[in-house]
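A.B. asks: Here the protein sequences line up with chains A and B, keeping their order.
Quick note: the first sequence uses the working numbering, first residue 173, plus one each step.
Quick note: the second sequence uses the working numbering, first residue 19, plus one each step.
The set of hints was computed from the structure by calculation and includes no laboratory data.
Virtual Cβ for every residue (Gly too), placed ideally from N, Cα, C.
Misleading hints may appear alongside valid ones.
Per label pair, the in silico range of CB-to-CB distance [unchecked claim]:
1) A:Ala917 <-> B:Arg117: 17 to 27 angstroms
2) B:Ser288 <-> A:Pro657: 27 to 37 angstroms
3) A:Asp848 <-> B:Asp300: 42 to 52 angstroms
4) B:Asp347 <-> A:Asp848: 21 to 31 angstroms
5) A:Ala917 <-> B:Thr226: 53 to 63 angstroms
6) A:Asn713 <-> B:Thr226: 20 to 30 angstroms
7) A:Pro657 <-> B:Thr226: 31 to 41 angstroms
8) A:Val615 <-> B:Asp242: 26 to 36 angstroms
9) B:Asp300 <-> A:Arg736: 39 to 49 angstroms
So the chains spell out like this:
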Amino acid sequence: MKFTLSWLAEHLETEASLSEITEALTDLGLEVEEVSDPGRSLGAFRIARVIEAVQHPNADRLRLCRVETHPEGPGGPIEEVQVVCGAPNARTGLVGVFAPVGTHIPGTGIDLAPGVIRGVESNGMLCSERELMVSDEHDGIIELPADAPVGARYIDHVGLNDPMIFIKITPNRPDALGVRGIARDLAARGLGRLKPLDILPVEGRFPSPVGVRIDETLRDKGCPLFAGRLIRGVRNGPSPAWLQRRLRAIGLRPISALVDVTNYFTYDLNRPLHVFDATLIRGDLRIHPATGGEEIEALDERRYALAPGMMLISDDAGPESIAGIMGGAASGVSEGTVDVFLESAFWDPTTIAATGRALKIVSDARYRFERGADPAFTLPGLEAATRMILDLCGGEPSEVVMDGTVPDTTRAYRLEPSRVVSLVGLNIPEARQRATLEALGFVLKGDMAAPPSWRPDIQGEADLVEEIARIASLSRLEGKPLPRPAAGVTRPVLTDAQRRERVARRMLASLGYNECVTYSFIDAEAAQLFGGGGDAVRLENPISSEMTHLRPDLLPGLLRAAARNQARGFADLALFEVGPVFAGGEPGEEALVVTGLRVGATAPRDPHGSRRPSDVFDVRADAEEVLSALGAPSRAQIGRDAGSLWHPGRSGTIALGRNVLARFGEVHPRLLSALDVKGPAVAFTLYPAAIPVPRSQSFTRPALGLHDLQAVERDFAFVLDAQVEAQSVVQAAAGADKALIERVAVFDEFTGPRAEAQMGPGKKSLAITVRLQPTRQTLTDEEIEAVSARIIDKVTRATGGSLRG
Amino acid sequence: MDDLDSLRGRTLAAIAGASGEEALEQVRVAALGKKGEISLRMRELGRMSPEERRSAGPVLNALRDEIDAALRARRAALADAALEARLAAEWLDVTLPGRPRPRGTVHPVSQVTEEVTAIFADMGFAVAEGPQVESDWFNFDALNIPPEHPARQEHDTFFMARAEGDNRPPHVLRTHTSPVQIRAMQAHGAPLRVIAPGRVYRMDMDLTHTPMFHQVEGLAIDRDISMAQLKWTLEEFCRAFFEVDRVELRFRASHFPFTEPSAEVDLRCSWAGGQLKIGEGDDWLEILGSGMIHPRVLEAGGIDPARWQGFAFGMGIDRIAMLKYGIPDLRAFFESDLRWLRHYGFGPLSAPALHASLGG
């Protein structure tokens with residue numbers, strides 16, 4: 173919403189300065205976005221007279237001017253300045269606009285410096301309108317009447333000294349989309365007095381030849397009230413200079429007096445109007461819902477096809493206006509309009525909003541009607557606009573024709589002054605509260621406050637509180653401590669799941685991973701590759717083709733990140749993300765997962781030979797490290813069948829029975845090439861919610877069982893089929909004597925062609941170490957031999973292998 | 019006695035001249051070994067008269083002790099020399115790099131979320147969560163944003179596709195964390211203190227907007243909570259978060275459908291020299307929106323607005339991260355450029371703790 177200071181003064185009697193006004197506006201909730209003050213940008217340009225203009229000695233097209241300036245204003249001392257000027261109209265006696273050295277010229281963006289032009293000094297500039305950015309005129313320098321006051325500021329002389337204020341209007345304040353509403357807020361704040369707005373009805377001289385009728389279906393909601401009148405014999409030329417100036421100042425193009433009047437009312441009083449050329453209306457006007465398929469060319473010269481339910485104003489010839497949004501081109505007014513039909517109606521905000529959105533029309537009328545015009549002002553607005561048209565264009569008004577009634581907006585809410593104080597925490601006396609509401613147009617009866625018709629947003633007691641607090645100024649608020657809910661030391665607040673998320677993140681960072689945050693939506697192809705991409709997780713209105721589906725997995729985002737980093741020359745990566753993945757499109761069909769990805773080598777090249785390719789056992793260890801930090805039991809088993817995203821032979825699961833806690837392995841090469849990652853890449857995905865929460869919440873640790881008796885370690889090597897898994901060997905060995913065997917660990921694997929050469933085709937050797945911890949007495953050789961035999965027996969029976977000789 | 023003097027002279031010279039353990043041992047054997055010269059003379063003492071023995075004994079004992087000490091000293095000296103020689107040979111170029119240690123980072127969004135959580139946890143706020151795909155009821159209606167309300171259009175909402183025949187209003191990607199207010203109220207009732215950090219989505223992508231970003235919502239409900247307490251809470255938060263002694267907040271009236279009264283909150287700051295300083299200067303930085311929870315929102319959450327009241331606020335996590343840590347570009351947050359992650363990320367041990375430090 174834009175307006176100028178002088179425009180505001182039409183409604184507000186005030187002594188306040190521009191800065192006091194703009195500060196108050198922002199504080200009141202009418203946030204000032206921009207102030208353009210011509211006094212600042214054009215204040216240095218003063219009226220000056222050319223004493224003499226002669227030909228420049230060295231240039232055909234330049235003139236040498238002696239200029240009479242009055243730097244301190246009219247009547248002040250004269251200063252004669254020499255200026256070189258290239259304008260064709262620079263001549264002796266011309267009264268124009270002079271900019272002294274040091275002035276910033278808005279039209280060129282240049283700060284004026286003393287110069288020498290073709291050997292002659294020039295100490296200022298005679299300006300064109302374009303150089304001042306007051307118009308596009310640049311054929312010559314500004315020429316003012318010979319009696320213009322030399323020395324006066326140009327903007328004062330031509331009435332351009334009018335600061336423009338641009339404020340952001342929140343959706344609840346349609347009343348502030350008119351200058352009067354803004355003035356009312358400022359007056360309530362105490363920055364002046366709201367001038368009365370007296371509207372006297374204009375008596376009609378004849379019945380309107382154009383009738384109006386609202387379809388039954390629209391009377392209740394879409395269009396409760398439609399009024400208009402015909403004014404015949406108008407002269408529609410350019411509107412007066414003051415009106416044009418105001419419209420230009422707020423960025424509107426003056427068109428003709430009739431159109432300018434409607435625009436003026438839109439901004440002045442938040443009362444959008446429409447004018448038809450009455451001679452182009454066939455029969456009466458009918459306000460009705462579109463049946464669908466109607467077409468109309470609107471004033472923006474575009475054709476619109478209407479859908480059923482959109483509101484139209486039609487005559488016998490067909491649609492003439494998209495109701496409340498934009499008039500039709502066919503019946504619009506022109507310079508030649510003699511008879512005009514002026515419309516003032518009240519339209520249902522939601523219907524206007526839906527239509528405007530569907531047709532993608534942005535207009536001042538739509539903007540206001542969808543936020544809510546003042547229904548009670550529909551007829552007064554018509555009368556006031558009639559008077560203005562008569563003043564500017566002459567003519568003879570008909571009687572008002574109307575259909576429908578002013579919708580009843582009467583309501584009242586209880587004002588509880590103590591509640592205002594309790595909610596806001598500002599001590600505002602009751603009298604002050606009541607005065608504030610009255611200044612805003614509320615009518616108070618006892619403790620009930622009835623909002624004015626221009627405030628559709630006031631819908632309850634809480635709104636009264638807001639109005640009172642806003643006008644009193646929230647800047648007066650002083651902080652008041654919020655006591656802790658319970659006295660004493662704060663208790664931890666995080667849930668188990670929240671703690672896990674935090675620990676997983678810190679653990680992975682400590683393992684050398686860099687945390688990424690990638691988008692929750694990915695492209696369809698990647699989503700499908702990772703088992704998603706269905707319609708349930710599709711966005712109806714994606715912002716780009718890269719972001720069409722909710723992600724089924726964190727891997728595609730990380731792999732794409734890896735590909736981008738590889739393209740930048742970073743080949744060794746450890747990236748992770750902790751975030752949501754989506755199984756479906758219903759609320760709650762999401763789960764928090766942790767995924768880590770390693771690509772390239774574990775370390776940079778160095779003299780110690782630290783560098784080696786990251787492999788499956790890195791990510792398995794990473795996953796186990798995180799699981800352990802999250803409190804997963806150590807008895808989790810490694811399984812296969814990690815799924816189709818993984819290398820079938822180089823991947824696994826970490827699971828408690830059928831409860832999979834994590835998957836790890838090499839990412840399937842097909843996925844890597846689809847996402848342009850130079851592989852191999854290893855990764856893990858971990859499901860924090862799958863980890864059982866320990867039943868006991870006790871902080872007491874189990875007793876530490878230490879034994880002074882010497883532990884014994886024995887090593888065994890077995891020849892096995894190559895596909896026999898280490899886990900089965902370890903489990904079999906550990907089962908040989910659960911009391912005595914403290915630990916079984918694999919310490920060597922011998923596999924490949926050399927192993928097969930020694931042990932036969934399809935064979936490998938696996939070596940384990942077993943630690944025996946006696947608890948009662950030192951082991952005898954016989955006991956050790958006995959348990960060794962059991963271990964060998966268990967392992968060979970479980971695996972079909974044999975002890976390596 | 020001349021004889022002994024010469025023996026002493028010879029032996030000490032041999033000890034001093036011994037070039038290694040082995041040579042020294044030979045000297046020892048020659049002097050103090052079973053058949054060594056001094057041992058032989060000691061044996062002769064037995065054959066002497068008592069008078070002779072009385073004079074020769076101490077002399078001979080003294081000589082033996084002296085030689086023994088000289089042998090020990092020489093042996094120690096040789097060992098030292100040998101050690102030094104070995105150490106000299108064991109020279110390494112210690113300017114070679116150390117073995118690589120992993121150095122990972124935590125994303126600024128996570129770090130700042132934890133910082134915010136730590137501060138509000140101290141004021142008794144728990145952390146609430148909610149789904150990112152939301153029904154339009156939770157995202158809008160329950161927050162007093164009815165269909166066709168202009169505020170709804172201003173949200174640039176992402177909608178989920180609806181299957182043919184499914185005539186429910188489409189779900190949305192939550193446009194703010196505010197729906198968690200409703201879920202938390204429904205789950206816990208009043209009194210209530212929660213914050214709700216998380217991802218939110220809006221259809222907006224340009225220099226300063228990304229279609230996904232992060233917000234944190236705050237909510238406090240009790241019998242007599244006021245806007246003055248909201249201001250104090252936010253002042254305390256800003257002071258703790260920006261780690262400055264003094265902050266000044268300015269409340270400006272505004273409008274949010276779910277609060278009434280509503281206020282935009284600005285923070286006094288200075289941008290002198292391109293450097294943000296909180297708490298001084300003449301600029302104001304808009305950092306969050308807030309207000310007293312609208313009675314209809316309390317009702318939607320199942321809380322009786324006649325008995326309970328409270329405040330709510332919401333701010334951008336990415337935004338306050340950018341402000342605090344001087345991160346220039348929002349879009350880079352989600353691009354996973356390793357250089358950016360390393361530069362702006364936080365070490366694993368920088369977990370915020372109020373008693374130590376927030377930002378590490």
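A.B. asks: Now, for every hint given, state plainly whether the structure supports it.
C.D. replies: Checked hints:
Between A:Ala917 and B:Arg117 the beta carbon distance is about 24 angstroms. The supplied range of 17 to 27 angstroms therefore holds. The hinted range of 27 to 37 angstroms is satisfied by B:Ser288 and A:Pro657, whose Cβ atoms lie roughly 36 angstroms apart. Between A:Asp848 and B:Asp300 the CB atoms are about 50 angstroms apart, so this pair conforms to the stated range of 42 to 52 angstroms. Here the CB-CB span from B:Asp347 to A:Asp848 is close to 24 angstroms, well matched to the stated 21 to 31 angstroms.
Separated by about 55 angstroms at the C-beta atoms, A:Ala917 and B:Thr226 satisfy the suggested range of 53 to 63 angstroms. Range check, A:Asn713 to B:Thr226: Cβ separation about 21 angstroms, and the 20 to 30 angstroms hint holds. Between A:Pro657 and B:Thr226, the C-beta spacing of about 38 angstroms keeps the proposed range 31 to 41 angstroms intact. Checked against the hint of 26 to 36 angstroms, the pair A:Val615 and B:Asp242 passes, with Cβ atoms roughly 30 angstroms apart.
For B:Asp300 and A:Arg736, the hinted distance range of 39 to 49 angstroms is satisfied, since their beta carbons lie about 42 angstroms from each other.
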